[in-house]
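When you get a sec, could you build the whole thing from the sequences and use the hints?
Residue numbers (my numbering), protein chains in the order written: chain A, 20 to 281; chain B, 5 to 345; chain C, 8 to 567.
Calculated directly from the structure, the hints in this document are not laboratory data.
Cross-link-like lysine to aspartate or glutamate pairs, in silico, DMTMM-like; alpha carbons within 20 Å at most:
1) C:K94 <-> A:E239
2) B:K192 <-> B:D322
3) C:K496 <-> C:E470
4) C:K493 <-> B:D31
5) C:K496 <-> C:D389
6) C:K246 <-> B:E123
7) B:K207 <-> B:D262
8) B:K231 <-> C:E83
9) B:K28 <-> C:E504
10) C:K246 <-> B:E120
11) B:K231 <-> C:E97
12) C:K148 <-> B:E127
13) C:K496 <-> B:D31
14) B:K28 <-> C:D389
15) C:K496 <-> B:E27
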Amino acid sequence: MKALSQKRRHPLAALVLLLMGLMLTGGVYAVATTLNQAKADTTTYSANDIKEGNKLFIANCATCHGMGASGSASGPSLVGVGAAAVDFQVGTGRMPMQMQGPQAQRKPVQFDATQTKQLAAYVASLGAGPSVPDASLVDGKGNAANGGELFRVNCAMCHNAAAAGGALTRGKFAPALAGVSGQHIYEAMVTGPQNMPVFNDANITPNGKRDIITFLKTIEADGSPGGNDLGALGPVSEGLFVWIAGLGVIIAFTIWLTSRSS
Amino acid sequence: MGDHGDGHSEQGAVAKAGQSVAEKFQDPGIPPHRPRLADKDPRAAKRAERQVAILFGISVLGTLLFFWAYFGVRLDQTVATLRLQNLLLGLGTGFAMLGIGTGIVHWAKALMPDHEVSEERHEIRSEADRVAAVKIVDEILDETGIKRRPLIRNTLIGAVALAPLPAIAMFRDLGPLPANALSHTMWKEGTRLVHDPTGTPIKASDVTIGSAFHVIPDGLNEMTEGKLEAKAKAVVLLMRLNPELLHPSAGREDWSHDGIVAYSKICTHVGCPVALYEQQTHHLLCPCHQSTFDLTQECKVIFGPANRPLPQLPIKIDSEGYLVAQSDFHEPVGPSFWERS
Amino acid sequence: MSAVTETTYTPETSVGRITNFVDERVGGSGILREFGRKVFPDHWSFMFGEVALYSFVILLLSGTFLTFFFDPSMAETHYNGSFVPLKGVEMSVAYNSSLNISFDIRGGLFMRQVHHWAALLFVASVSVHMLRVFFTGAFRKPREMNWVVGGVLVILSMAAGFTGYSLPDDLLSGNGLRIIDGVIKSIPIIGTYISFFLFGGEFPGTHIIGRLFTLHILLIPAVILLMIAIHLFMVVVHKHTQYPGPGRNDHNVVGYPLGPVYAAKAGGFFFIVFGVVAFMAAAFTINPIWNYGPYDPSPVSAGTQPDWYIGWVDGALRLMPGWLFGFPLEWHIPFPWGVNTLTLNVLLPALVPAGIVFTVLFTYPWLERWITRDNREHHVLDRPRNAPTRTAIGMAGFVFYCVLWAAASSDLIATHFFVSLNDVTYWLRGLFFLGPILAFIATKRIALALQRKDREIALHGRETGRIVRLPHGEFIEVHAQLDDYKRYKLVGFESPEPMPGIPNSKGIVTKSEKRRAALSRFFFEDRVAPATPAELEAGHGHAEHEAIDPANHDAKSISH
Numbered sequence: 020m021k022a023l024s025q026k027r028r029h030p031l032a033a034l035v036l037l038l039m040g041l042m043l044t045g046g047v048y049a050v051a052t053t054l055n056q057a058k059a060d061t062t063t064y065s066a067n068d069i070k071e072g073n074k075l076f077i078a079n080c081a082t083c084h085g086m087g088a089s090g091s092a093s094g095p096s097l098v099g100v101g102a103a104a105v106d107f108q109v110g111t112g113r114m115p116m117q118m119q120g121p122q123a124q125r126k127p128v129q130f131d132a133t134q135t136k137q138l139a140a141y142v143a144s145l146g147a148g149p150s151v152p153d154a155s156l157v158d159g160k161g162n163a164a165n166g167g168e169l170f171r172v173n174c175a176m177c178h179n180a181a182a183a184g185g186a187l188t189r190g191k192f193a194p195a196l197a198g199v200s201g202q203h204i205y206e207a208m209v210t211g212p213q214n215m216p217v218f219n220d221a222n223i224t225p226n227g228k229r230d231i232i233t234f235l236k237t238i239e240a241d242g243s244p245g246g247n248d249l250g251a252l253g254p255v256s257e258g259l260f261v262w263i264a265g266l267g268v269i270i271a272f273t274i275w276l277t278s279r280s281s
Numbered sequence: 005m006g007d008h009g010d011g012h013s014e015q016g017a018v019a020k021a022g023q024s025v026a027e028k029f030q031d032p033g034i035p036p037h038r039p040r041l042a043d044k045d046p047r048a049a050k051r052a053e054r055q056v057a058i059l060f061g062i063s064v065l066g067t068l069l070f071f072w073a074y075f076g077v078r079l080d081q082t083v084a085t086l087r088l089q090n091l092l093l094g095l096g097t098g099f100a101m102l103g104i105g106t107g108i109v110h111w112a113k114a115l116m117p118d119h120e121v122s123e124e125r126h127e128i129r130s131e132a133d134r135v136a137a138v139k140i141v142d143e144i145l146d147e148t149g150i151k152r153r154p155l156i157r158n159t160l161i162g163a164v165a166l167a168p169l170p171a172i173a174m175f176r177d178l179g180p181l182p183a184n185a186l187s188h189t190m191w192k193e194g195t196r197l198v199h200d201p202t203g204t205p206i207k208a209s210d211v212t213i214g215s216a217f218h219v220i221p222d223g224l225n226e227m228t229e230g231k232l233e234a235k236a237k238a239v240v241l242l243m244r245l246n247p248e249l250l251h252p253s254a255g256r257e258d259w260s261h262d263g264i265v266a267y268s269k270i271c272t273h274v275g276c277p278v279a280l281y282e283q284q285t286h287h288l289l290c291p292c293h294q295s296t297f298d299l300t301q302e303c304k305v306i307f308g309p310a311n312r313p314l315p316q317l318p319i320k321i322d323s324e325g326y327l328v329a330q331s332d333f334h335e336p337v338g339p340s341f342w343e344r345s
Numbered sequence: 008m009s010a011v012t013e014t015t016y017t018p019e020t021s022v023g024r025i026t027n028f029v030d031e032r033v034g035g036s037g038i039l040r041e042f043g044r045k046v047f048p049d050h051w052s053f054m055f056g057e058v059a060l061y062s063f064v065i066l067l068l069s070g071t072f073l074t075f076f077f078d079p080s081m082a083e084t085h086y087n088g089s090f091v092p093l094k095g096v097e098m099s100v101a102y103n104s105s106l107n108i109s110f111d112i113r114g115g116l117f118m119r120q121v122h123h124w125a126a127l128l129f130v131a132s133v134s135v136h137m138l139r140v141f142f143t144g145a146f147r148k149p150r151e152m153n154w155v156v157g158g159v160l161v162i163l164s165m166a167a168g169f170t171g172y173s174l175p176d177d178l179l180s181g182n183g184l185r186i187i188d189g190v191i192k193s194i195p196i197i198g199t200y201i202s203f204f205l206f207g208g209e210f211p212g213t214h215i216i217g218r219l220f221t222l223h224i225l226l227i228p229a230v231i232l233l234m235i236a237i238h239l240f241m242v243v244v245h246k247h248t249q250y251p252g253p254g255r256n257d258h259n260v261v262g263y264p265l266g267p268v269y270a271a272k273a274g275g276f277f278f279i280v281f282g283v284v285a286f287m288a289a290a291f292t293i294n295p296i297w298n299y300g301p302y303d304p305s306p307v308s309a310g311t312q313p314d315w316y317i318g319w320v321d322g323a324l325r326l327m328p329g330w331l332f333g334f335p336l337e338w339h340i341p342f343p344w345g346v347n348t349l350t351l352n353v354l355l356p357a358l359v360p361a362g363i364v365f366t367v368l369f370t371y372p373w374l375e376r377w378i379t380r381d382n383r384e385h386h387v388l389d390r391p392r393n394a395p396t397r398t399a400i401g402m403a404g405f406v407f408y409c410v411l412w413a414a415a416s417s418d419l420i421a422t423h424f425f426v427s428l429n430d431v432t433y434w435l436r437g438l439f440f441l442g443p444i445l446a447f448i449a450t451k452r453i454a455l456a457l458q459r460k461d462r463e464i465a466l467h468g469r470e471t472g473r474i475v476r477l478p479h480g481e482f483i484e485v486h487a488q489l490d491d492y493k494r495y496k497l498v499g500f501e502s503p504e505p506m507p508g509i510p511n512s513k514g515i516v517t518k519s520e521k522r523r524a525a526l527s528r529f530f531f532e533d534r535v536a537p538a539t540p541a542e543l544e545a546g547h548g549h550a551e552h553e554a555i556d557p558a559n560h561d562a563k564s565i566s567h
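Here it is in structure tokens:
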């Protein structure tokens, strides 16, 4: 304590205090304004990453998104979308897009992990945006019951209660979520790809998102206790099954039953 | 089809010829019985007998499988063990049943006599019966004297017609009268918009562009009576879009806050939650019957079976920056009903 | 009048003594004498009624088990069972007990799945049975009333299914009830009152599950049982119908005796149906209520659909536009006492298609009887091709139903066939009007073509695929003649002609008689007459005729 009180009278103390005050208000301001950012950027990108990313961008993305990612008629500006958006879009194969359509489709990934990271680094360097989530948020070790409740209120209307996917207007759709990594699910929530709304941290807290991922991973790993889930599509697939398989087998039996024995 | 048209009249002519009774084919009668393998060959019969016994044996094994699955599979609260037990219980039951069923049918098909027999149909009603019945009814009516005594008849008809009415009246207490319950919700001036289901209030700055918040009125979670009924009317979807995209009509200019709008989530068609928000097209889609509402046109119906736009909840911010309702909805939410004006 | 005579019969075995004891008191011998050898015709398509009956028995058995554990209360509780993703979630007691049946009672999940699969199979087999009866003309005199009883059973089976679907109080069924509530509220004048009485106040209230439970386990099954009893009683009175064929006519019934063959087959078939249902319940999930979560008015799941038998009504709700070419289908009608709302965009699709289907269904036997003036008893069925117009009407109705059915899964069609949801709806709206017409035309043509093919085969035999070269160089295909039994199957049917209007006693052809005559023309104008012995003879007159192009000697009858 004595040491501290001595330093308090140091000529530079006022400057340090001023800096601390500025940092604090700035930090609070940053937290208040960039709620989309789940965490401070935990992935540190090197200058080399950004440089390599820029090269990749010019070669693969700039045709639609424009030089400097400022957007063009065929692709939106990527300034401020953040590393999370790049990691999601490129990491799930949606970007580069195969063709213009109602929405970008998931397809085999075009870039390896390093290249994706470099692209993300480049886009993140253009403007502040959501970053790739910390591994602790996507580990699937949260509260599945809470996640289930949040999922039903915020997600099930498009993605279906068992995450089997669903239709949107005019050819768009909400995809099934089985087989999607926790990181990509998290990134989709914070960035709102395509027509999906954005779920910022004020809407669903990082822990809530972790719970949702936990719920999805739990039901995916457990499967259905009743046996084959018939696509988890609900009464339509059940009806189709009973008409085709159920009645089909029974008709086969009736034909056997009423045929003459040889 | 062309050739059919040509043949029209021709066919008629042929058909007429075909219709005369003498021109019909004679019924050759039931075809002669064709013996089965088991009828001719005692070894085949013996084989069929063994097959039936095996099928019954499979049934016994199925029943044993059921017991083994019921007592042997330890449920340890995991889905995997439950699935295993369900599968084995079902297979056990299935084999137990199918073994009996296919065994009996095979027995009947292979070993029981398979000669087709013909049986005469009887008249459903014979004329003699009809005459006798009419006579009995006449006598009965005569003995009751119901025709001669119209006073008795008419009072009885009146009494019987009235007697069931109390039973109908007794259903009155199934529920309360509607009154104006459908015309208001629990939103009122100053009610905070809070998260569904957590109940945390929402600041305007929380709602970034492209967001969709599922919202309930503050105080709903604390209700003990009628919570679901209140929630069924009060749920709201909160979204923010570029203020320039909103085109508020006269009188609604101040219902939104800086591009933040709140609309009832209850479909005006038959009441499903309209919760699918497409943040780029600004369309709201109902997953039940696909009514589509355009947020930029005050949720006007642009596709599907709904007729009316979703009601808008006027909102503002309170002194602490939280979003609150300006008032209740200005019209009843949800599906239309007769008394709705 | 000493009616009671001392019996001298004394049985020797103990089984015999017990049987005799019962027989002396209930008169079982007489019943057995009457029914023990009763003849039943055998055909695979006659089995669907049995499938329905057996599914119903399975429903009663599994349903009784479920009632021992199910609690139809809407009181609130918190889940504390084995299923982790719902632990601690607030829910109704009904949903909680459904989860406990699924996760914490051994065999409970199996019973739930047996019950639900059997329910889907029940309504499906009732429907297929009804289609079979329609397309073979089994509803004709004397069976019209039994057709109506069957129609009532179709409606009751749908009601039983729907009330059961709603009981677990999960999110899916809750949203289903909410849709029902919305439809009820659209009924003019009394709709709001019915809604409040049904739900005991505002939706969802705390009463509806208990009330549906009473309907589902008591009232509806009791009425179904009563209707089944009437249905089967009439089957006994009428005896079963039979397909046309050698030795079969309207005065006899050809088949196997009840004891032992038919009883063994029918009895064994119960176990087969049960076995098939058990296998489905073992390996295939049905109604995974744990996915949907408890009912809450705020969430909803994509793909919210009813079970298949309500699907067509839901499909109608989806197809109906709210606005028709800028014309609103919700009317606000100013009455002297105030404005009232008529919601045609809900009311019409909920009532009109179902109204059309059931009106036609219930009146069809009388309609056809009036048009054909056919008052004879029919115990021999029509092969569908031999009644082309009826078959075409049936197919038109079936396609109408299927379009609505498909509409109920428009969102899943869109996602699984990668087409736009909106386009699916537009196409189905078009098919709603065009589909039945196209189906009518196509079916009628196919039926007539099949009749012509039958005629060909009856007269010239089957193509053997054997090509022979005649001495003068001509190539012919050898046809194998049918034997008398097989030929009779192809020619033994009636082909009525259009019946012109008949004047009444005053010598006037009334307007309704003219209408009847027009409909008779519509029914029977296009017809293919059964082959006659004379035609067969004429065919044989030609040299090694089988091989010769039928057009040569039969030009007058066959479409040339």
